Amino acid sequence: VDEFAVFVREALPGLLRYGHLLTGNPHDAADLVQTVLEKIGSRWTSVVRHTGDPVSYTRRAMANRHISNWRRTRREELIAEIPDQRGVRDRDPFENEPLWTLLRELPPRQRAVVVLRYYEDLSEPEIAAVLGVSRGTVKSQASRAMATLRGRLGVFTVGGTA
Amino acid sequence: MNIDDELRRLFADERWDLAVRPEAEQLIMAGARRVRRRRMVAITAGALAAVVMLGSGIAFAAVGGQESLPPAMSTTAPPTTSEAPAGTTAPPATKPPTKQTTTSTSTPPAAPPEITSAKPKPSPPASYDVLHPRNYGPLVLGMSGDQALATGLLGAVEATEGDSCTRYTGTFGGNVLVSAKYGVVRVSVTAPVVTPRGIHLGSTVAEVRAAYPQAWDYRMGLKAGSYSFIIGGAVHWDTPWPETFPVERIDIDTTSDCANAI
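Heads up: the sequence lines are chains F and D, in that order.
Heads up: the first sequence is residues 1 to 162, going by the numbering used here.
Heads up: the second sequence is residues 1 to 262, going by the numbering used here.
Extracted from the complex, chain D is given alone in its bound form:
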């Protein structure tokens, strides 16, 4: 066969098409406005803070943005108290587990809490279950919906997306997303679990970055391989997650045809 033709045929396959969600346009428009607003504020803040840094607005925003931006710009951020004037810390009061991160709140905002290795690494309670990259106990990414149901870890149906995707409550604390086509595509855990590298609920962004140097920021938190560490607190995805924000959910996921939102 002619490989050129084969490639053209493959790329012409209609299965590459993805359905556009009805709200996609609004999401993008809103996102663009947020990015723009953030950049404007960052540039202004940069100009005020250091005239020398003129011309490097982008670098400044990327490096210093999260600790120097005035609270006014983080419209979605939870109201920060006077103890954290720069709006950097103040992780949401969801459930910061027993950890000694309190010292960082008293440090001046100009000194970002970057020395992760200096912090004593809290050893997770022994009762934590291990969340492996591809499985949580008997629940393995890619296994069929029936196999997943047979584990007894799936509870009630929380949401569905047509016939193709179903989200179940996880009896372990969290949920499980099952695609008719791909099987288990995501396991979301809010129960006490720990990854093989020691990240658990309540670990900070800094600890995630130290354990997974390849972790990269995305809208909900940090991704590293099949892991998504969902970070509590609000900062737009275009800004690096502040080091002290806590992990409040850990997902593992794989190839999926489910909408991001489900």
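Excised from the complex, chain F in its bound form:
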């Protein structure tokens, strides 16, 4: 278990950052990392023995958990009950980043693919392995995400050449 403590200490900053990218906010990031690490720690020996690379395994677990959480909560915005409050929006440290604004609106699986590709620098087969989906799915999710980003980015870039 000591080995797990060392792992946590070393991996935590990177995992939190990655969680922040995946979830888009610190609160969910912390929740996600803690939830996943507790589970992994509870069967650490087996994780090490069977995966060989606990960091990758953890990231994979985080991506999948985040996607499945989203599946359960996607309808939670309860739009019908939102009272009139024009001008009030979640503020975000990246609210002035058009690209992030667009990324936020991508479905989690598409966003996870983008994060894994551009943050983790994983290849398509690697992403497929991480998310436990086929390469075809990765390809289609990635192309859909990129099409959305490219298509909408023009709206933001004043005189840009996107």
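Calculated from the structure, these hints are not laboratory results.
It should be emphasised that the depicted structure is a prediction, and the values quoted were computed from it without experimental measurement.
Warning: the hint list may mix true and false statements.
As the list claims (entries may be wrong) - Residues from chain F that keep clear of chain D, each with C-beta distances beyond 12 angstroms, as calculated:
1. W44
2. T51
3. D53
4. S123
5. E124
6. E126
7. A128
8. G136
9. T137
10. K139
11. S140
Unchecked claim - Straight-line Cα separation of at most 20 angstroms, DMTMM-like style, residue types lysine to aspartate or glutamate; simulated pairs:
12. F:K139 <-> D:D4
13. F:K139 <-> F:E105
14. D:K181 <-> F:E97
15. F:K39 <-> F:E10
16. D:K181 <-> D:D17
17. F:K139 <-> F:E120
18. F:K39 <-> F:D53
19. F:K139 <-> F:E124
20. F:K39 <-> F:D28
21. F:K39 <-> D:E23
22. D:K181 <-> D:D163
23. D:K181 <-> D:E23
24. F:K139 <-> F:E126
25. F:K39 <-> F:E3
26. D:K181 <-> D:E14
27. F:K39 <-> D:E25
28. F:K39 <-> D:D217
29. D:K181 <-> F:D28
Claimed, not checked - Just some of the chain D residues that point at chain F, by a computed CB distance under 10 angstroms:
30. R9
31. D13
32. A32
33. R33
34. V35
35. R36
36. R37
37. Y218
The beta-carbon is built from N, C-alpha and C at its ideal position, and this holds for glycine as well.
Chain F is already provided as a structure; the job is to place chain D on it using the hints.
Relative to the frame of chain F, chain D by itself:
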């Protein structure tokens, strides 16, 4: 511009970094031990209860865990009395409001109180204020600290986290967490309120799930959209909340840079 480069640049931004709380490691280690202990007990209980279910230990733990686990394993749970042998019910004696849930305590533990629709839905008192997903009266998530103070609903400062986050007592009963960066990020209500779907303090976990089918379990209770229904009683987060446990606080929250603990 090249979108690939833009994405790499965005993801490389240092603002994605989150400060690790000093006690984070201990929290995770303790949590891992709890998960492990719980799984061990669940597997043992499962094996004893039904040999047929061998090999489906996980499913068994997930489905039957909360009603079949012996009391000994819920180390943090309040001591349960003999009337609830499986340790399932016995919501904490905080303040169960006037509700007719008493019948469930006499049912045998083998029959989980799952039929939520059969229960008469208690209509909340008319005096309940409505806690909307994004606002509690004039207090709106995302409004600035100054705007929040101007509502007159903020009382004394209860806690601070550096200069970035301040928790105020809510004069309505509860508290309000304000981030310097994001404004009002959480409104916590322990006063009598009701959500538009009829959940109020004292509603049971079953009622929350019925009203918010997308609600999911987290450490403190159930989350559905911007709502967090904090559940009274103790069960580790890895186990589904027992159906009869009561809501003892309702939060609404949004994007935040405040530590979970504040």
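Evaluated hints:
At the 12 angstroms boundary, the C-beta of W44 (chain F) falls inside the reach of chain D, the nearest C-beta of that chain being 7 angstroms off. Taking the minimum C-beta to C-beta distance to chain D, about 16 angstroms, the non-interface status of T51 (chain F) holds against the 12 angstroms cut. No Cβ of chain D comes within 12 angstroms of the Cβ of D53 (chain F); the nearest lies about 19 angstroms off, and the non-interface call holds. Taking the minimum C-beta to C-beta distance to chain D, about 14 angstroms, the non-interface status of S123 (chain F) holds against the 12 angstroms cut.
No beta-carbon of chain D is positioned within 12 angstroms of the beta-carbon of E124 (chain F); the least distance is around 14 angstroms. At the 12 angstroms boundary, the C-beta of E126 (chain F) stays outside the reach of chain D, the nearest C-beta of that chain being 17 angstroms off. Its beta-carbon lying about 19 angstroms from the closest one in chain D, A128 (chain F) satisfies the requirement of being farther than 12 angstroms from that chain. Annotated as non-interface, G136 (chain F) keeps its C-beta farther than 12 angstroms from every C-beta of chain D; the closest such distance is 21 angstroms.
Non-interface call for T137 (chain F) relative to chain D: holds, since the shortest CB-CB distance, roughly 20 angstroms, exceeds 12 angstroms. Distance check for K139 (chain F) against chain D: the nearest CB is about 16 angstroms away, which clears 12 angstroms, and the non-interface claim stands. With 12 angstroms as the threshold on Cβ separation, the claim that S140 (chain F) sits away from chain D holds: the shortest Cβ distance comes to roughly 18 angstroms. Annotation: proposed proximity of K139 (chain F) to D4 (chain D) holds, straight-line Cα distance about 16 angstroms (limit 20 angstroms).
For the hint pairing K139 (chain F) with E105 (chain F), the CA-to-CA distance comes to about 19 angstroms; that is within 20 angstroms, so the pair holds. Between K181 (chain D) and E97 (chain F) the CA atoms are separated by roughly 16 angstroms; this keeps the pair inside 20 angstroms, and the hint holds. Pair hint K39 (chain F) plus E10 (chain F) holds up; C-alpha atoms about 17 angstroms apart against a cutoff of 20 angstroms. Between K181 (chain D) and D17 (chain D) the alpha-carbon distance is near 16 angstroms, which keeps this suggested pair within the 20 angstroms criterion.
About 16 angstroms separates the Cα atoms of K139 (chain F) and E120 (chain F), which keeps this hinted pair within 20 angstroms; it holds. Distance restraint check for K39 (chain F) and D53 (chain F): the Cα-Cα separation of roughly 16 angstroms lies within the 20 angstroms cut-off, and the hinted pair is therefore satisfied. Taking the CA atoms of K139 (chain F) and E124 (chain F), the gap is about 7 angstroms. The hint holds against a cut of 20 angstroms. Restraint check for K39 (chain F) and D28 (chain F): the C-alpha separation of about 17 angstroms stays at or below 20 angstroms, so the hint holds.
Between K39 (chain F) and E23 (chain D) the alpha-carbon distance is near 18 angstroms, which keeps this suggested pair within the 20 angstroms criterion. Distance hint between K181 (chain D) and D163 (chain D) is fulfilled; the C-alpha atoms sit about 10 angstroms from each other, no more than 20 angstroms. The suggested pairing of K181 (chain D) with E23 (chain D) is violated, with an alpha-carbon distance near 24 angstroms, which exceeds 20 angstroms. Between K139 (chain F) and E126 (chain F), the direct Cα distance comes to roughly 12 angstroms. Compliance with the 20 angstroms bound is thereby established for this hinted pair.
A C-alpha spacing of about 15 angstroms is found between K39 (chain F) and E3 (chain F), which places the hinted pair at or below 20 angstroms, so the restraint holds. A hinted pair counts as satisfied when its Cα atoms are at most 20 angstroms apart, and K181 (chain D) with E14 (chain D) qualifies at roughly 16 angstroms. In summary, the hint linking K39 (chain F) to E25 (chain D) is supported, as the alpha carbons are separated by about 14 angstroms, within the 20 angstroms threshold. Annotation: proposed proximity of K39 (chain F) to D217 (chain D) holds, straight-line Cα distance about 15 angstroms (limit 20 angstroms).
For the suggested pair K181 (chain D) and D28 (chain F), the alpha carbons sit about 17 angstroms apart, so the restraint of at most 20 angstroms is met. For R9 (chain D), the interface hint holds, the least distance from its beta-carbon to any beta-carbon of chain F being 9 angstroms, beneath 10 angstroms. The criterion of a C-beta within 10 angstroms of any C-beta in chain F is met by D13 (chain D), whose closest approach is roughly 8 angstroms, and the hint holds. This hint holds: A32 (chain D) has a C-beta 3 angstroms from the nearest C-beta of chain F, less than the 10 angstroms allowed.
Checking R33 (chain D) against chain F by beta carbon gives a least distance of about 7 angstroms; that is within 10 angstroms, so the hint holds. A least Cβ separation of about 4 angstroms between V35 (chain D) and chain F falls short of the 10 angstroms threshold, and the interface hint therefore holds. The restraint placing R36 (chain D) at the interface with chain F holds, with a minimum CB-CB distance near 4 angstroms, inside the 10 angstroms limit. Taking 10 angstroms as the C-beta contact cut-off toward chain F, the hint placing R37 (chain D) at the interface holds, the least distance being around 8 angstroms.
Annotation: Y218 (chain D) was flagged as interfacial toward chain F, and the flag holds, the nearest CB pair being 7 angstroms apart, inside 10 angstroms.
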